[in-house]
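Peer 1: Residue numbers (our numbering), protein chains in the order written: chain F, 1 to 45; chain A, 1 to 478.
For the record, the hints were derived by calculation from the structure and aren't laboratory data. Warning: the hint list may mix true and false statements.
Unchecked claim - Coverage of chain F stretches by chain A, computed from C-beta distances (three or more under 8 Å per stretch; other residues unrestricted):
#: 1; region: 4-11
#: 2; region: 15-24
What the hints assert, rightly or not - Quick list of simulated restraints, FRET-style, between CB atoms:
#: 3; chain 1: A; residue 1: D153; chain 2: F; residue 2: T2; range: 19 to 29 Å
#: 4; chain 1: F; residue 1: T2; chain 2: A; residue 2: D473; range: 39 to 49 Å
#: 5; chain 1: A; residue 1: G144; chain 2: F; residue 2: S7; range: 19 to 29 Å
#: 6; chain 1: A; residue 1: R293; chain 2: F; residue 2: T2; range: 13 to 23 Å
#: 7; chain 1: F; residue 1: G15; chain 2: A; residue 2: R467; range: 39 to 49 Å
#: 8; chain 1: A; residue 1: G74; chain 2: F; residue 2: G15; range: 48 to 58 Å
#: 9; chain 1: F; residue 1: S31; chain 2: A; residue 2: N103; range: 44 to 54 Å
#: 10; chain 1: F; residue 1: S7; chain 2: A; residue 2: D473; range: 42 to 52 Å
#: 11; chain 1: A; residue 1: L298; chain 2: F; residue 2: R26; range: 50 to 60 Å
#: 12; chain 1: A; residue 1: Q461; chain 2: F; residue 2: S31; range: 40 to 50 Å
#: 13; chain 1: F; residue 1: G15; chain 2: A; residue 2: Q394; range: 14 to 24 Å
In this text, all values refer to a predicted model and were calculated from it rather than measured experimentally. Cβ coordinates follow ideal geometry from the N, Cα and C atoms, glycine included.
For reference, the chains in residue letters:
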Amino acid sequence: MTDAAYSEELEQLAGEWAARADRVSRLVGTSIDATRVPAVVVDYR
Amino acid sequence: MTHHPEGSPLDASIAELGEALRRRTLGVVELTRASIERAERTAPLNAFVGIDSEASLLAADGLQKLLDAGHDLGPLHGIPVAMKDNIAIRGRGMAAGSRILANNVATTDATVTTRLKRGGAVLVGRTNLHEFAWGGTTDNPHFGRCHNPWDRDRIPAGSSGGSGVAVAVGAVPASLGTDTGGSVRLPASMNGVTGIRPTIGRVSTTGVFPLAWSLDTVGPLARSSDDCATVLQQIGGYDPLDDVSREAPLGDLARDIDLPLAGMRIAILRDYSLRGLQPGVERAMRAILNLLRDAGALVEELTLPHLDELVDAQIVIDAAEPSAVHQRWLRERPEDYGRDVRLLLEAGLRFSAVDYIQAQRYRAALREAMTDVFRRVDVVLTPTIPFTAPRFDQLNVPVGEDDTDILDGNMVFTALPSLTGTPAISLPIGMDENGLPVGLQAVAAPFAEHVLFRFGHALQQLTDWHRLRPPLDGSAGE
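Let the hints inform the model, and build the full structure from the sequences given.
Peer 2: Right, dumping it as structure tokens:
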């Protein structure tokens, strides 16, 4: 695979993932109480 | 489908093997040798990156002497187990499927390795995986492609593909895998075996090469739910060396397995559990739901909000964390990664801190919603994956009128327990029209693995799917 083809594929994947991150951020921004739900890693202790 | 020639000890359950070893109708060395021979006979499937014949036969001899002297180390005494090659075994190679660690030799045992050795397991070999466990095909550019034993042109799933295949062909009664976004459950499903992802914090990840710290778990694959319980009993429990480890008592994981399905409260999730499935997967799911109802289980439909963003959040976390793990190597030696994994790692570097935090907040909200679900039911059911094993050359899988991206489809159901940290078991529940295994995912409340083993035991009393074996002569798919 050429460098150009790799770079193109990387940009495409990064773009798709940016859209995914944006969907999550929009949901969290509208549907989750920002004061109530912190960003905690799962911890059952 | 086929059953292997009678007389091979490798067709027996762990409990049956243990009984034979204690009655002296089978020796530990004999069993270990049979395991090694089966692994070598099925070598074209490339399930193993290393078969440790000498070390395991030596260990087997010592374990037989212990047994003869009356020192019984428990249910795994003398049982061959295969280890995914990202789990440290002192003195043996641990490449994590990579070129970067190709010459790495583990200097200490992982905690799960120590516990298996203490329990008398014979560690016969190390299994193939997707490079650094970051991917679901086990099409490994450095150690070779691992093949699905039901059709060698198809993927065995991953990332613990070798661990799934090793159990499916009977090279070992059990193996260990790691599961971040589905890497135990997916190969269990696609190879027709049983596999469990435990609750986060239930099994130590000390000595395991990380993929994504906040999601990583270690879990067993075996033929049956009962065998998985036996292995999890040995490897589970608090580890002071692991910050995520939890001091929750393990208890007897088989304590409820004789309870009936009747009265068990089971949920499927509306617009999710049965949505977007290949026909063969949907048929198997509906047949199992009918079977459960007939057995007296109380099956209801519940709603869980915001599941459309589940895979999105999983990918943000599941991709950002490995890119942090690999940041230095990505800078210094990117050419040493396989192309697909390098792409995933470099794309993962692009997420912002805010992206990551919002995904973790989604996760916290989802966990809260799941907690409510488990106030009402004992288990939640989905397929493990919406389709059966794709061919190696497939990037998308046709499901109904749409094509599903394989990465997306891999995670659509497995992400639910991964993100919420809940335990989930994959159980074989049928075969599709191409003779490929279908898996059911059952999810329980945190630290309720015993509920999954109750469910798995009951289901496997009513069905025989976990007893089916692929042909050993490699004829499948030809």
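Peer 1: Please go over all the hints and tell whether each is borne out by the structure.
Peer 2: Now the hints, each set against the structure:
Taking a C-beta to C-beta cut-off of 8 Å, the region 4-11 of chain F contributes 3 residues in contact with chain A, enough for the three needed, and the coverage statement holds. Counting residues of the region 15-24 of chain F whose CB falls under 8 Å from any CB of chain A gives 6; the rule of at least 3 is met. Checked against the given bound of 19 to 29 Å, the beta carbons of D153/A and T2/F, roughly 28 Å apart, stay inside it. In this structure the supplied range 39 to 49 Å holds for T2/F paired with D473/A, their Cβ-Cβ distance being about 41 Å.
Separated by about 28 Å at the C-beta atoms, G144/A and S7/F satisfy the suggested range of 19 to 29 Å. At roughly 56 Å, the beta carbons of R293/A and T2/F sit outside the given window of 13 to 23 Å. Between G15/F and R467/A the CB atoms are about 46 Å apart, so this pair conforms to the stated range of 39 to 49 Å. Range check, G74/A to G15/F: about 52 Å between beta-carbon atoms, so the 48 to 58 Å window is met.
Between S31/F and N103/A the Cβ separation comes to about 49 Å, which falls inside the hinted range of 44 to 54 Å. The supplied range of 42 to 52 Å is met by S7/F and D473/A, whose beta-carbon atoms lie about 45 Å from each other. Between L298/A and R26/F the CB atoms are about 37 Å apart, so this pair departs from the stated range of 50 to 60 Å. Between Q461/A and S31/F the C-beta distance comes to about 42 Å, which sits within the given range of 40 to 50 Å.
Here the CB-CB span from G15/F to Q394/A is close to 22 Å, well matched to the stated 14 to 24 Å.
Violated hints, in rising order: 6 and 11; the structure is consistent with all others.
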